[in-house]
Amino acid sequence: MKEYWVFSEKTDVVKELLSKAHQLALKSNGIASAILLGAEVSSADELHNYGASKVYVVEHENLKTLVPEAYAEALAKLVSKFNPEAILIGSTKNGREIAARLAAKINAACATDCIDVDLNPEGRLMVKKPVYAAKAIAVEILKTKPAIATIPPKTFEPAEIRVKGEVVKVEIEVSRPRIEVIEVKEKEARGIPLEEAEIVVVGGRGFKKKEDFKMLEELAELLKGQVSCSRPIAADLKWMPDWVGLSGHKIKPKLYIGFGVSGAVQHLAGIQGSKIIVAVNKDPEAPIFSAADYGIVGDLYEVLPAMIKALKEIKGK
Amino acid sequence: MKIAVCIKQAVDVAQLKIDSSTKKPLVATAPRKTSDIDRNAVEEAIRLKEKYSGTVTAISLGTEKAREVLREALAMGADEALLITVREPEKLDTGITAKILSTAIEKTGPYDLVICGETTIDTYSGQVGPKIAEYLNVPCVTHVRSISIENGYLTAERDLEDKYEIVKSKIPAVITVTKEINVPRLPPLMAILRASKKPIKIMNLSDLGIEVGEPRIEVSDVQALEMKRKMHIIKDKPVEEAVRELIELLMKEGVL
Chain A
1 MKEYWVFSEK TDVVKELLSK AHQLALKSNG IASAILLGAE VSSADELHNY GASKVYVVEH
61 ENLKTLVPEA YAEALAKLVS KFNPEAILIG STKNGREIAA RLAAKINAAC ATDCIDVDLN
121 PEGRLMVKKP VYAAKAIAVE ILKTKPAIAT IPPKTFEPAE IRVKGEVVKV EIEVSRPRIE
181 VIEVKEKEAR GIPLEEAEIV VVGGRGFKKK EDFKMLEELA ELLKGQVSCS RPIAADLKWM
241 PDWVGLSGHK IKPKLYIGFG VSGAVQHLAG IQGSKIIVAV NKDPEAPIFS AADYGIVGDL
301 YEVLPAMIKA LKEIKGK
Chain B
318 MKIAVCIKQA VDVAQLKIDS STKKPLVATA PRKTSDIDRN AVEEAIRLKE KYSGTVTAIS
378 LGTEKAREVL REALAMGADE ALLITVREPE KLDTGITAKI LSTAIEKTGP YDLVICGETT
438 IDTYSGQVGP KIAEYLNVPC VTHVRSISIE NGYLTAERDL EDKYEIVKSK IPAVITVTKE
498 INVPRLPPLM AILRASKKPI KIMNLSDLGI EVGEPRIEVS DVQALEMKRK MHIIKDKPVE
558 EAVRELIELL MKEGVL
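Those protein sequence lines, which keep their order, are chains A and B. Under our numbering, the first residue of the first sequence is numbered 1, with each subsequent residue one higher. Under our numbering, the first residue of the second sequence is numbered 318, with each subsequent residue one higher.
Warning: the hint list may mix true and false statements.
Unchecked claim - Residues of chain A placed beyond 10 Å of chain B at every Cβ, according to the derived structure:
(1) G38
(2) S42
(3) K81
(4) D116
(5) I161
Unchecked claim - Subject to a maximum C-alpha distance of 20 Å in a straight line, what follows is the list of computed EDC-like cross-link-like pairs (lysine to aspartate or glutamate):
(6) B/K545 / A/E285
(7) A/K252 / B/E543
(8) A/K154 / A/D118
(9) A/K224 / A/E198
(10) A/K252 / A/E157
(11) A/K254 / B/E562
Just so you know, these hints were derived from the structure itself, not from any lab. Just so it is clear, the structure is predicted and the values come from calculations on it, not from any experiment. Beta carbons: idealized from backbone N, C-alpha and C, even for Gly.
Chain A with its partners taken away, still in its complex shape (with noise of 0.2 Å):
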């Protein structure tokens, strides 16, 4: 029976994942697998009802902790015991690193943020991937049994579709990571995905302190939608958890709107899944200009201060 793998720590990504594997399963004559790993896991059987016909759990204490070498050795050891055709990896931080240390152990291709996965005639897996900050997409073809491919959270849909199957608990021997956590900061969690906001307005370099990031909340209240950030304001600065961008939340709202963003080819490979992109820049040439639907070439500080204004009106009316 061929087997398509699923694996993500983040249970809503095993979900999503899960409905793809459940469609390169149909096609093959094969099935869809959850793999579960922890010190305790629960909730295994929860899987059946979206598309997993079997839930293979590893429970381990060396396992306690997501620790990515610990978990790309139970993997492996799965691997080498169940023979799967392809694995499905949530591309997280800690995912693509489970996924390469995999890789590395079972000799197999890896292709990373995926945005589609199939089957080619011959039964190989057959992704499509943003390339060269995504100006480009490539199609790749994976030779090697299994095959892995990293899927950024919410690229698929999860579905409700209950199979008949079994959890498959295996005992394995994980080793005592030789990385020890010792310390969690957690990053100030959104109310609503970014993924999944209808509007997103985001602020870049072109404010000159975190205090004026309270006109972009104030506009966001208005539209009804979410504040972010690009990376510089983020990462350097820390006026916000996270940022929009290759290397963060990669958006598709129906409406995007960027103040003092200058447009990185990285920042905007993050936002070309949006319906509508706007932009306000002081700078003529900013390179966000080329990649946008309207925009206007003025200071934020006035153009945002206006359009708040603007908004407040046509609400009063």
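Given the coordinates of chain A, assemble chain B onto it according to the supplied hints.
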């Protein structure tokens, strides 16, 4: 402390052009440069050397032209440079790239620390660092935004999507660094001149005893993403008028 830092001469994606008739990116003729985050990797290696003393060896895998990125690393303060030459580096997948680099690291090492950028600007896969660690059988700490080393252990802060993680690991280890870990220095002219006289050691795959087998990944097509944007940019108008016009346009689009 002996540090190796891996750097890539990457396609400068900001300057990559698309062929208007075939819709293919013109990769072969695109300008190349040191992958941005790899400069942070070099900078961090030099800072660690300055703090704990030791040597920094910059390693690159590429064509003869990749000497340029090694010269830059030498000018920044790397002590030695090693270029592993291949004819078509773009055709190598991340697995074989890591195999080649880890073999070179083993041959010229041992090193206490191997530093890579968290990802490169052109492929953005983040695979090579962890794969090098796997082949060297050492721990790997990815997405590091600060690091210190004491008594044979490193302590590092990792920047993940929803949290920061402080981790401790024995060295030798591989780390991959983020752009935020430092601001890479701009070498003064004297350092650039001095670097131009430093030797760059050249090796090829047969020196390393590596044969590149059949590719495990076949790229069957690459097509430019068509960015069909309207590019309706309002300029030279009073702010209120420009804003009103924009809001009307967005209402017409049905997005407001």
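Proposed proximity, B/E562 with A/K254 (alpha carbon, max 20 Å): This hinted pair holds, its Cα atoms lying about 19 Å apart.
Pair hint B/K545 and A/E285, alpha-carbon separation not exceeding 20 Å: holds, 19 Å
Minimum Cβ distance from A/K81 to chain B greater than 10 Å, as the annotation requires: holds, 20 Å
Distance rule for A/I161, whose beta carbon must clear each one in chain B by more than 10 Å: holds, 27 Å
Non-interface claim for A/S42 versus chain B (Cβ beyond 10 Å): It holds; A/S42 is separated from chain B by about 21 Å at its closest Cβ, greater than 10 Å.
Pairwise hint evaluation, B/E543 against A/K252, where the allowed Cα distance is 20 Å at most: holds, 16 Å
20 Å Cα cutoff - pair A/K252, A/E157: Answer holds: A/K252 to A/E157 is near 14 Å, not above 20 Å.
Check on A/G38 being off the interface with chain B, judged by Cβ distance over 10 Å: holds, 17 Å
Pair hint A/K154 and A/D118, alpha-carbon separation not exceeding 20 Å: Between A/K154 and A/D118 the Cα gap is close to 17 Å, so the pair holds against 20 Å.
20 Å limit on alpha-carbon distance, applied to hinted pair A/K224 and A/E198: holds, 8 Å
Nearest-CB test (10 Å) between chain B and A/D116: holds, 13 Å
Checked against the numbered hints above, the structure breaks none of them.
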